[in-house]
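Chain A is fixed; fit chains B, C and D with the ligands onto it per the hints.
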Amino acid sequence: MRLTWREVWHSFWRTPLLSSLSIIMIAFSLYSVGLFGLVATNFRHTLSDLAERVEVVAFMLRGTPIETITLASEDIEAFPEVLSVNYVSEDEALARARVELVEFREAYEDLATNPLPASLEIRLRPQFRNAAQARTVAERLRAFGFVDDVRFGQDWVERLDRIRNLAGIVGLVIGAAFGLVAIVIIGVTIRMTVLHRAREISIMRLVGATNAFVRRPFLIEGTLRGVLGGALALGMSFASYRLFASGMGLSGESFVFFTPSQAGLIVGFGLLLGLIGSLISVGRHLRHV
Amino acid sequence: MRLTWREVWHSFWRTPLLSSLSIIMIAFSLYSVGLFGLVATNFRHTLSDLAERVEVVAFMLRGTPIETITLASEDIEAFPEVLSVNYVSEDEALARARVELVEFREAYEDLATNPLPASLEIRLRPQFRNAAQARTVAERLRAFGFVDDVRFGQDWVERLDRIRNLAGIVGLVIGAAFGLVAIVIIGVTIRMTVLHRAREISIMRLVGATNAFVRRPFLIEGTLRGVLGGALALGMSFASYRLFASGMGLSGESFVFFTPSQAGLIVGFGLLLGLIGSLISVGRHLRHV
Amino acid sequence: MIRFTHVSKTFPNGTGALRDLSFHIPRGQFVFLTGHSGAGKSTILSLLYAHDRPSSGEVKISGYTVGALRASEVPKLRRRLGVIFQDFRLLEHRTAEENVAFALEVTGARRDTISPRTMRALTRVGLAGKARAYPKELSGGEQQRVAIARAIVNDPPIVLADEPTGNLDERARNGVFQLLKDIHAGGTVVIMATHDMDLVRDTPYRIVELREGELVYDSAVDEADDTP
Amino acid sequence: MIRFTHVSKTFPNGTGALRDLSFHIPRGQFVFLTGHSGAGKSTILSLLYAHDRPSSGEVKISGYTVGALRASEVPKLRRRLGVIFQDFRLLEHRTAEENVAFALEVTGARRDTISPRTMRALTRVGLAGKARAYPKELSGGEQQRVAIARAIVNDPPIVLADEPTGNLDERARNGVFQLLKDIHAGGTVVIMATHDMDLVRDTPYRIVELREGELVYDSAVDEADDTP
Ligand SMILES: Nc1ncnc2c1ncn2[C@@H]1O[C@H](COP(=O)(O)OP(=O)(O)OP(=O)(O)O)[C@@H](O)[C@H]1O
Ligand SMILES: Nc1ncnc2c1ncn2[C@@H]1O[C@H](COP(=O)(O)OP(=O)(O)OP(=O)(O)O)[C@@H](O)[C@H]1O
Ligand SMILES: [Mg+2]
Ligand SMILES: [Mg+2]
Numbered sequence: 001m002r003l004t005w006r007e008v009w010h011s012f013w014r015t016p017l018l019s020s021l022s023i024i025m026i027a028f029s030l031y032s033v034g035l036f037g038l039v040a041t042n043f044r045h046t047l048s049d050l051a052e053r054v055e056v057v058a059f060m061l062r063g064t065p066i067e068t069i070t071l072a073s074e075d076i077e078a079f080p081e082v083l084s085v086n087y088v089s090e091d092e093a094l095a096r097a098r099v100e101l102v103e104f105r106e107a108y109e110d111l112a113t114n115p116l117p118a119s120l121e122i123r124l125r126p127q128f129r130n131a132a133q134a135r136t137v138a139e140r141l142r143a144f145g146f147v148d149d150v151r152f153g154q155d156w157v158e159r160l161d162r163i164r165n166l167a168g169i170v171g172l173v174i175g176a177a178f179g180l181v182a183i184v185i186i187g188v189t190i191r192m193t194v195l196h197r198a199r200e201i202s203i204m205r206l207v208g209a210t211n212a213f214v215r216r217p218f219l220i221e222g223t224l225r226g227v228l229g230g231a232l233a234l235g236m237s238f239a240s241y242r243l244f245a246s247g248m249g250l251s252g253e254s255f256v257f258f259t260p261s262q263a264g265l266i267v268g269f270g271l272l273l274g275l276i277g278s279l280i281s282v283g284r285h286l287r288h289v
Numbered sequence: 001m002r003l004t005w006r007e008v009w010h011s012f013w014r015t016p017l018l019s020s021l022s023i024i025m026i027a028f029s030l031y032s033v034g035l036f037g038l039v040a041t042n043f044r045h046t047l048s049d050l051a052e053r054v055e056v057v058a059f060m061l062r063g064t065p066i067e068t069i070t071l072a073s074e075d076i077e078a079f080p081e082v083l084s085v086n087y088v089s090e091d092e093a094l095a096r097a098r099v100e101l102v103e104f105r106e107a108y109e110d111l112a113t114n115p116l117p118a119s120l121e122i123r124l125r126p127q128f129r130n131a132a133q134a135r136t137v138a139e140r141l142r143a144f145g146f147v148d149d150v151r152f153g154q155d156w157v158e159r160l161d162r163i164r165n166l167a168g169i170v171g172l173v174i175g176a177a178f179g180l181v182a183i184v185i186i187g188v189t190i191r192m193t194v195l196h197r198a199r200e201i202s203i204m205r206l207v208g209a210t211n212a213f214v215r216r217p218f219l220i221e222g223t224l225r226g227v228l229g230g231a232l233a234l235g236m237s238f239a240s241y242r243l244f245a246s247g248m249g250l251s252g253e254s255f256v257f258f259t260p261s262q263a264g265l266i267v268g269f270g271l272l273l274g275l276i277g278s279l280i281s282v283g284r285h286l287r288h289v
Numbered sequence: 001m002i003r004f005t006h007v008s009k010t011f012p013n014g015t016g017a018l019r020d021l022s023f024h025i026p027r028g029q030f031v032f033l034t035g036h037s038g039a040g041k042s043t044i045l046s047l048l049y050a051h052d053r054p055s056s057g058e059v060k061i062s063g064y065t066v067g068a069l070r071a072s073e074v075p076k077l078r079r080r081l082g083v084i085f086q087d088f089r090l091l092e093h094r095t096a097e098e099n100v101a102f103a104l105e106v107t108g109a110r111r112d113t114i115s116p117r118t119m120r121a122l123t124r125v126g127l128a129g130k131a132r133a134y135p136k137e138l139s140g141g142e143q144q145r146v147a148i149a150r151a152i153v154n155d156p157p158i159v160l161a162d163e164p165t166g167n168l169d170e171r172a173r174n175g176v177f178q179l180l181k182d183i184h185a186g187g188t189v190v191i192m193a194t195h196d197m198d199l200v201r202d203t204p205y206r207i208v209e210l211r212e213g214e215l216v217y218d219s220a221v222d223e224a225d226d227t228p
Numbered sequence: 001m002i003r004f005t006h007v008s009k010t011f012p013n014g015t016g017a018l019r020d021l022s023f024h025i026p027r028g029q030f031v032f033l034t035g036h037s038g039a040g041k042s043t044i045l046s047l048l049y050a051h052d053r054p055s056s057g058e059v060k061i062s063g064y065t066v067g068a069l070r071a072s073e074v075p076k077l078r079r080r081l082g083v084i085f086q087d088f089r090l091l092e093h094r095t096a097e098e099n100v101a102f103a104l105e106v107t108g109a110r111r112d113t114i115s116p117r118t119m120r121a122l123t124r125v126g127l128a129g130k131a132r133a134y135p136k137e138l139s140g141g142e143q144q145r146v147a148i149a150r151a152i153v154n155d156p157p158i159v160l161a162d163e164p165t166g167n168l169d170e171r172a173r174n175g176v177f178q179l180l181k182d183i184h185a186g187g188t189v190v191i192m193a194t195h196d197m198d199l200v201r202d203t204p205y206r207i208v209e210l211r212e213g214e215l216v217y218d219s220a221v222d223e224a225d226d227t228p
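Residue numbers (the working numbering), protein chains in the order written: chain A, 1 to 289; chain B, 1 to 289; chain C, 1 to 228; chain D, 1 to 228.
Looking at chain A on its own, in the form it has when it is part of the complex (with noise of 0.2 Å):
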């Protein structure tokens, strides 16, 4: 066992650029994943900031008592759905309008009788903000007597699902393809390292070393390498979320690192890469040696 490691150090020592260069090419690789993984995570942080404006609006008929609505108001937020409930009166809905919709501020500024009815703005819980649970609450709250009408922002509701989906989707198809790519990389660089040594294994073996004995340095050393190109490939995503939040004066909040064990995972997907990677090129070579 001492042997092998002796044997693994050497190798790396005694063909530094060979060894550091394929590191760097397991780095890029992973670098590539990572950077692809925290665009995903911060495009999916950005999206639950939408899904926050997921809300149920219902509009109440003309002259609904005050104590009928704040006893529903109390109903409505008992619903395991429902994060809270706010009401709008109709005044304050014309206040609203006033200031947001600015092409008809005229309009408004000239009426005698307010339009707009009053309402109660209905948000969700996060895991619930979606099409089907929108379309749950709304039916249950069309059974209020007081309720003229219910909206949901149907087409938004949806369009975020969408886009969720799909975002799921191309982050599952980019992601593999990087891996791919990775994969790929470290097999060809332990490949032409074992090509480089052709001689040197022809040899050991010629001196009556076992396959298992010639074959063990070469997956530690991958191993190895996939573990330092996985640490080198957080360090440089890490330098670069630095870079970009600091240059584009993002916040922590809206702009997040990975997680300690996303981290890890990048390290062990690193490990696992090499391990993968030297045992097939290792593998295949050594029947032709």
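Just so you know, these hints were derived from the structure itself, not from any lab.
Just so you know, not all the hints are guaranteed correct.
[What the hints assert, rightly or not] Every beta carbon over 10 Å from chain D, so not counted as near; a handful from chain B, in silico:
id, residue
1, V57
2, T64
3, R205
4, L206
5, G283
[As the list claims (entries may be wrong)] DMTMM-like mimics (lysine to aspartate or glutamate), calculated; alpha carbons at most 20 Å apart, straight line:
id, chain 1, residue 1, chain 2, residue 2
6, D, K60, D, E214
7, D, K136, A, E200
8, D, K76, D, D155
9, C, K136, D, E212
10, D, K60, D, E73
11, D, K136, C, D198
12, C, K136, D, D155
13, C, K136, C, D112
14, C, K136, A, E74
15, D, K136, D, D202
16, D, K76, C, E92
17, D, K136, C, E92
No experiment lies behind these values; they were computed from the predicted model shown.
Just so it is clear, CB atoms sit at the ideal spot from N, CA and C, and this is done for glycine as well.
Same frame as chain A, now just chains B, C and D with the ligands:
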């Protein structure tokens, strides 16, 4: 010269594995650049869809005679920045409001008099669709006597400008990063080839080959690999494009591939990368053999 | 110990290197393998260390049948052999000492014995002073002696030597030959391919001569014929 | 033609391979370079083909001063030499024929002359039949003869031969020696490092003997001393 080509041919077929692997690696790296290029192109495409919506709206004083408006429309259409002018009467404005602003449908239904003004909607030519130009046109419109107010969604236009700039910067940065990865990979590939043939090179020089003689086949080989890799990357990009387009049900109009000259650029980029990579690594290595 | 039975070897490119070769080498013999360049001497040795397999016929060595060897048995056979290759085959990235030690490490020898045994082998070939040199820092003859030290370091029961004196001057050559004789005196089978007629002339050892892959002279057989 | 003036060579690892060596080889001489293994024979040759540079002193060969050679002059010098390396140094991925042809191609020889000249050289070393074989398909002696063919194919004015007969049987060795004598008879300087005392004994040619990097015997000088 003929000898050099034989040399290239031989060295390719004597290490078919190494040669094809390095081509695949070049292809993968250029494919990364290509994929990003496609996304960038289509993002820009989408943005220009959005930009088409940039329009300037001039609200008119109540009771402006239709003849005045028709004459003015013709004047405005003659502005160099203007693509088209569309007249929206008071009645049309109300009808639209009823359709588009669902929340207020009932409110408008109850109205005795129409509170909405007539307007001219002015669309700008593509090259003038930005905040500065829209403001210029707006100023000019304000000069007309019958114009009450002019809006051009300043916020929206400015935000679009910002997105466009950001997209450009992100595109450049990521593109450059991937380009760097590609150069590193190509350099490493060729460096490994040189290492792999170090003994051969040293023998050639012992027999009296000049540096130029030894270097030439490597340069040609590197360039060829670059071109082949570029072509392969182009093919893979096209396959991805077709797959994605058909999978997402996107038409060729809203989701475009590279123009022939862009495609040529990718292959040319491959050539350049191959040449530069081999120049650097052969040059550097030959000093040590 | 070693038996060739109607062995032929034809390489993939069509060269017939050995033709219908049969001979037996019992325990404890010293055999010279002679013949012109390209006669098939190295090919015979490469069959013995299972680098090549016979095209037809049977090669037996220390109980193993080379043609039928399983992959896992090849290293076992090789550990029982000490091979001196015609082109040395030293590991470029290891010093002379490490090259020799390697042959011990591979067999799983006890760590604390490796260093003294390695130095003893290097001393026997007169290279203790060059232990730390890398192959490319050694002269041709010095490389050859490292290869010899590696072959004998784990006291194998059989030593195959392919032209072990080709790069040596007279004194070193006699030293190496004496070394092989000493090893043989300890009971080891030694098969030595050589062109060196000075060594072969008047030798008490068995001589096997090849020509174009055929056995044309075997002192063991011919002497037996001579006796009435 | 060749002149060593107080040449010493110490390798980066501290080995002093040559010590204060001075001699002159005029046009048209045949010189044997002898000495024990590690005496410095290959080192002398590697100075001559500008692989190494002297640590001190001056090495002159066909008008070039090795220590002061510009990078662009090295190939020019090497094209005027035919070198037979002790370890052959054949291109693994080329056939025997291509290996020999390569030395011609490098010099920019006319294409239509390359093939016949290559075959003539291979025929001279008795290897015409193995022209299409790759080095690893050749026996040790055959590889050595390919290396010899490559060295002589472009009729160089100087041939440096490092142990060119180490892997050859008696007949092939005599053939190669005869070949070098023929080449020398055509006016070529031949410097041959060898351990082969059979060749050196009673030779009419000059003998230079080294010991530990020092010149201990030079037949040209000593004979001159002997004459009254
Ligand atoms: N791998 C191979 N493929 C094809 N032919 C080969 C191979 N190895 C050897 N040969 C041929 O087989 C014949 C015998 O080769 P071998 O190496 O056994 O000769 P040898 O007796 O050792 O010669 P030398 O004294 O020159 O080393 C030669 O003609 C050689 O060219
Ligand atoms: N590159 C090198 N670095 C360090 N030492 C070297 C190097 N090359 C040779 N030597 C040492 O220099 C001395 C002379 O070596 P050289 O190869 O000239 O000997 P030689 O006379 O050719 O011997 P042989 O007959 O064994 O080939 C030896 O002691 C050798 O170990
Ligand atoms: Mg042989
Ligand atoms: Mg030598």
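Evaluated hints:
Every CB of chain D lies more than 10 Å from the CB of B/V57, the least distance being 75 Å, so the non-interface label holds. Distance check on B/T64: its Cβ is at least 88 Å (rounded) from any Cβ of chain D, clearing the 10 Å threshold; non-interface status holds. Not every beta carbon of chain D lies more than 10 Å from that of B/R205, the smallest distance being close to 7 Å; the non-interface claim is violated. Its beta-carbon lying about 7 Å from the closest one in chain D, B/L206 breaks the requirement of being farther than 10 Å from that chain.
Remark: the non-interface label on B/G283 is consistent with the geometry, its nearest Cβ contact in chain D lying 13 Å away (cut-off 10 Å). Note on D/K60 and D/E214: the hinted pairing holds, with a Cα-Cα distance of about 19 Å set against a maximum of 20 Å. Proposed proximity of D/K136 and A/E200 is supported: the alpha carbons are some 16 Å apart, at most 20 Å. The straight-line distance between the Cα atoms of D/K76 and D/D155 is roughly 15 Å, inside the 20 Å bound, and the hint therefore holds.
With a CA separation close to 18 Å, the supplied pair C/K136 and D/E212 stays within the 20 Å bound. Of the pairs offered as hints, the one joining D/K60 and D/E73 holds, with about 13 Å between alpha carbons and a cut-off of 20 Å not exceeded. With a C-alpha separation of about 29 Å, the suggested pair D/K136 and C/D198 falls outside the 20 Å cut-off, and the hint is violated. For the hint pairing C/K136 with D/D155, the CA-to-CA distance comes to about 30 Å; that exceeds 20 Å, so the pair is violated.
For the suggested pair C/K136 and C/D112, the alpha carbons sit about 28 Å apart, so the restraint of at most 20 Å is broken. Note on C/K136 and A/E74: the hinted pairing is violated, with a Cα-Cα distance of about 89 Å set against a maximum of 20 Å. Taking the CA atoms of D/K136 and D/D202, the gap is about 37 Å. The hint is violated against a cut of 20 Å. As the CA atoms of D/K76 and C/E92 are separated by approximately 30 Å, the hinted pair breaks the 20 Å bound.
The suggested pairing of D/K136 with C/E92 holds, with an alpha-carbon distance near 19 Å, which does not exceed 20 Å.
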